[in-house]
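Protein sequence lines correspond, in order, to chains H and W.
Quick note on numbering: numbering that gives the first Met the number 0 labels position 142 of the first sequence as 141, and the sequence is numbered without any gaps.
Quick note on numbering: numbering that gives the first Met the number 0 labels position 108 of the second sequence as 107, and the sequence is numbered without any gaps.
If you're looking for bench data, these hints aren't it; they were derived computationally from the structure.
Backbone N, C-alpha and C fix where the C-beta goes; we use that ideal spot for every residue, glycine too.
There could be a bad hint or two in this list.
Pairwise CB distance ranges, derived in the manner of DEER restraints [unchecked claim]:
#1 W:A203 x H:E144: 55 to 61 Å
#2 W:E35 x H:A193: 37 to 43 Å
#3 W:S17 x H:R111: 42 to 48 Å
#4 H:G174 x W:I4: 56 to 62 Å
#5 W:K243 x H:M141: 23 to 29 Å
#6 H:H17 x W:P44: 33 to 39 Å
#7 H:L205 x W:N10: 48 to 54 Å
#8 H:D206 x W:G242: 52 to 58 Å
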Amino acid sequence: MQENKKNIAIEVKDLVTHYGPRKILDGINLTVSEGEIMIIMGGSGSGKSTLLRYLLGLGIPTNGSIKLLGKDITKLNANEMLELRKNMGVAFQGGALLSSMTIGENVKLPLREHAELDEKTMDIMARMKLEVVNLGGFEELMPSELSGGMIKRAAVARAIIMDPKLMFFDEPSAGLDPVVSAELDDLILRLRDAMNMTIVVVTHELDSAFKIADRITVLDRGHILMSDTVEEIKNSDNERIQSLLNRRPSNEVINADEYLSRLTGM
Amino acid sequence: MSESIVHRFLNYIEIVGSSTVKLAEGAGYYFALLIESLAWIIVGPFYKQPVRIPSIFSQMMTIGIAACPIVFILSFSIGVMLAIQMIYNLKTFGAESQVVVGVALSITREFAPLITGILIAGRTGSALAAKLGTMQVNQEIDALRVMGINPVRYLVSPALLAMLIMMPILTFFADIAGLLGGALYTGVEIGLSFSAYVDRTIAALMVGDIMQGLFKSLIFALIIILVGASNGFSVTGGAEGVGKATTRSVVLSISFIVIADMIFTYFLNR
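Could you build all of it, start to finish, from the sequences and the hints given here?
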């Protein structure tokens with residue numbers, strides 16, 4: 000039992016969520032240890048982005064608990080949540096940099112809002128983090144002047160400015176060429192090794208997942224199929240996992256009556 | 000036959016019911032947004048999350064100072080237009096010189112706040128809705144929330160405060176511009192001197208007339224920010240959603256402004 004040896008950073012219990020009347024996640028149980036890189040994988044519509052939203056505290060679940068660093072975020076008040084958020088960094092899929100500010104201002108934003116530092120100190124810290132993501136010297140540019148990969152790296156710099164203990168990545172390699180995407184993978188590994196962060200990455204990019212993952216969680220239609228090491232996942236005999244790994248289209252057996260009733264809308 | 004009538008009747012009732020619920024929901028949302036953004040302005044500093052002064056000033060620049068030229072042009076034209084109409088009307092009674100009182104009262108009590116409100120709704124309300132909508136689509140709002148920066152405090156409160164300061168100022172500016180327009184046309188048309196026009200305007204106006212306009216402009220400021228912000232925050236569906244929200248916020252806030260104007264004018268003149 001690996002989890003018992005290390006402290007648990009993220010613990011999700013019996014998470015059930017709805018979007019309107021539709022059930023998206025159903026009975027999710029998940030633990031991530033400190034310093035671990037957990038990959039959440041799954042096809043589109045599997046609920047992986049939804050799971051991330053709830054891990055970030057952006058939604059109120061129907062049922063279940065989500066503990067981050069030992070605190071149940073479904074029960075925290077606004078102030079406790081704010082304190083916890085200072086220990087969380089998030090790199091969104093599209094970067095989500097504020098387009099009205101320069102890269103430097105974007106990176107400094109969390110410091111400006113949460114820490115009382117003088118301008119010079121903030122400048123130095125921002126430049127340090129930009130150096131970490133290989134964007135030194137770009138702080139005066141606007142987000143619109145950067146390429147997609149640079150925006151994603153700048154978003155990482157903003158996410159790590161407060162030296163968070165938890166780091167979340169949403170589709171870090173989506174829309175990037177293989178080289179840039181491999182650089183981001185290295186960056187994720189470096190962040191874990193240098194700063195001992197606990198990292199959760201949502202992705203459907205297999206190569207990058209196998210490269211960086213300590214463990215992989217495979218989601219399918221709102222359920223967890225499997226949550227294990229890369230080797231175990233590769234050797235799994237679950238048909239859905241294998242079709243995801245080998246890029247096979249899923250050949251579902253169609254129920255004739257159901258199909259007909261869907262088509263006719265009766 | 001009768002069953003289908005009953006069925007249709009029930010349908011109508013259902014439609015009335017559900018739209019009433021929606022209306023109440025919308026009103027509740029506006030109210031909650033108002034309370035939240037005012038609360039941040041007042042208690043934010045005690046939670047170390049103040050509304051930043053620089054962003055209030057930059058909003059005041061874009062909302063207020065940058066709108067001055069167009070407010071001046073529109074109000075000036077309204078002033079001239081009112082003078083033309085009133086002189087034409089008053090000629091029937093041979094009382095052209097009374098145009099001064101007419102222009103002074105209509106500008107300060109009605110036209111200056113209304114034209115400023117409509118202009119700012121089209122200018123600032125739409126910009127706010129488009130900005131918040133785009134930020135919502137690009138996950139910038141989510142990013143603010145996960146950084147522990149409340150989007151209402153960071154984006155709406157400064158705009159609201161800037162608006163509450165600038166709208167009365169712009170309205171007062173519009174008062175002056177409108178009266179100036181009236182004065183110039185009257186001077187040309189019936190030969191009333193500028194200083195005589197100013198004297199008679201000051202004699203005709205009471206503090207209450209100007210205050211009424213300024214009070215209404217505060218109400219319009221609330222409407223513009225709340226409608227713009229709530230439409231912006233509720234954007235779904237990409238670029239098209241942003242466009243829809245922008246249009247909706249302009250149409251709604253202009254409609255609310257005109258209706259609120261009617262209601263407040265009624266009660267303020269009882």
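How the hints compare with the structure:
1. W:A203 x H:E144: 55 to 61 Å: holds, 57 Å
2. W:E35 x H:A193: 37 to 43 Å: holds, 40 Å
3. W:S17 x H:R111: 42 to 48 Å: With Cβ atoms ~45 Å apart, the hint holds.
4. H:G174 x W:I4: 56 to 62 Å: holds, 57 Å
5. W:K243 x H:M141: 23 to 29 Å: At 27 Å between Cβs, range holds.
6. H:H17 x W:P44: 33 to 39 Å: holds, 38 Å
7. H:L205 x W:N10: 48 to 54 Å: holds, 52 Å
8. H:D206 x W:G242: 52 to 58 Å: For G242 of chain W against D206 of chain H, whose Cβ atoms are near 39 Å apart, the range 52 to 58 Å is violated.
Taken one by one, the earlier hints fail for this structure only at number 8.
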